[in-house]
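> These protein sequence lines map, in sequence, to chains A and B.
If you count by the numbering used here, then the first sequence holds residues 565 to 741, one letter each, in order.
If you count by the numbering used here, then the second sequence holds residues 366 to 678, one letter each, in order.
No lab work stands behind these hints: they were computed from the structure.
The beta carbon of each residue, even a glycine, is placed where N, CA and C say it ideally should be.
One should not assume that every hint holds.
Said to hold, decoys possible - Here's a subset of chain A near chain B, in silico, CB distances under 10 Å, partners left out:
| hint | residue |
| --- | --- |
| 1 | M565 |
| 2 | N591 |
| 3 | R631 |
| 4 | V661 |
| 5 | P664 |
| 6 | T700 |
| 7 | H701 |
The primary structure of each chain is shown beneath.
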Amino acid sequence: MRYAMAIDTRKCVGCSDCVVACQTENNVPIGYCRDWVVEATTGTYPELQMELRSERCNHCSDAPCVRCCPTGASHQEEGGTVLVDPQECIGCKACIVSCPYDARYVHPEGYVDKCTFCIHRVRAGESPACVAVCPTHCLYFGDTDDPNSKISRLLARRKWKRLIPEAGTDPNIYYLL
Amino acid sequence: MVEEIIVSGRHLPEIDPRLTIWGWEIALYLFLGGLVAGILFFSALLFLQGKGDRFGTTVKRLPVFAPVLLVIGLLALLLDLSHLLYFWQLFTTIRWESPMSWGAWTLLVVLPLSVIWALSWWPEWIPGWSWKNPALKDFFGWVERQRVWLARILIVLSVLLGMYTGILLSAFNSRPFWNSAIMGPLFLTSGLSTGAAAIVLFSRDREERRLFSRIDLLLIMIELFFIIHLFMGLLAGTRVHIEAVELFMGGPYTTPFWVFVVGLGLVIPAILESLEFTKTKIPGTVPAVLVLVGGILLRLILVDAGQASRWLY
């Protein structure tokens with residue numbers, strides 16, 4: 565089983581509902597966020613192109629944060645979900661430095677925090693909060709090891725990219741182009 | 366020309382300006398770790414060569430400061446931990462893939478051994494000293510008989526400690542500037558060099574000062590060679606590595622690094638130390654202080670610059 569998320573950059577309107585839903589669902593302290601929206605504009609005027617990306621932890625299969633963690637607080641659970649155990653985290657911040665996506669931050673209580681793929685919802689058979697709330701249904705969550713899952717069929721049919729796979733992280737967030 | 370402007374939607378003052386997450390605490394700790402590695406290495410090495418009486422400062426006196434410096438470094442490290450009360454979790458596991466994990470274990474072994482090594486020289490530091498407690502007297506009597514073994518272990522551990530301070534940084538491929546295998550040897554050499562400078566600074570013996578001036582000169586040459594290789598290696602790398610180097614070639618770290626670290630911290634002390642060969646009278650403290658200040662600056666700048674370098678997307 566390999567949990568992954570596919571995000572349709574053609575359907576995303578950049579409303580940031582995913583951000584707010586995550587903050588509400590996960591009780592993210594004010595001023596912090598586990599996901600965010602990037603608006604990338606490419607080209608020279610008047611030939612401009614814009615891409616909207618809802619970004620979060622990439623739950624990398626070869627996660628540098630898990631490798632560098634000295635206590636094992638950063639670890640992988642079912643489906644390769646990368647999680648942090650606050651009871652084991654000493655706040656050394658090596659994982660923040662090791663993440664090429666800058667997806668982690670120090671929670672005001674001292675431990676390091678990040679996207680969990682809403683694993684508590686997934687275990688209960690629901691989808692992550694950002695996926696559930698998206699008004700354009702541009703977020704897809706599922707198991708890429710299952711060739712018949714919706715996300716696998718989508719990735720087989722559509723063109724996609726992942727963010728800096730050349731950093732050797734084998735990320736599991738796919739952007740449909 | 367194609368330009369990409371990224372407008373991040375996160376606008377979060379609590380996260381984005383704080384991504385330079387490691388500050389002076391880490392740099393100070395890396396400096397003191399390297400310095401202690403240098404002090405212990407030379408002390409153990411000269412002791413094994415049977416020069417304990419000839420070079421008293423190196424072998425017997427300076428190591429007394431090693432545990433003190435190491436503890437200051439560790440306090441700086443603890444100051445950096447944001448979830449401090451859980452620091453003991455470091456010692457519930459060994460994770461070989463994490464340099465920080467085996468570094469923490471190395472420190473856990475080096476610290477008590479450096480205390481024992483330092484205290485075993487206590488009677489020679491203070492004439493007429495003897496351990497009042499019979500158990501301590503027996504223990505240090507035993508330590509004195511085992512000194513050869515302790516010195517051998519300390520040589521291995523001090524090299525490991527010095528290397529580890531660099532490997533800690535080079536293990537992060539997400540920060541392209543650090544991502545070079547030369548970091549470990551560079552930090553080890555710099556640590557040994559600051560150790561030699563400390564000996565020059567504290568020794569009263571002319572021959573001892575001259576020997577370590579020369580050792581320091583050799584170490585500075587090796588360090589310069591490693592710095593050149595660090596930049597050559599990165600420049601031969603990918604686009605992100607080249608952009609990381611550009612931070613030092615026209616970027617914000619250009620002057621601090623080339624003028625203060627390389628110029629004042631390496632080249633000028635090397636020139637001053639070479640002048641001693643021509644019998645020119647140079648006060649040995651000047652190059653020694655420059656090397657020590659250069660050592661801390663090197664770490665402050667490399668720790669900061671590494672975090673400023675990143676993969677672009």
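> Failing hints, ascending?
1, 2, 6 and 7
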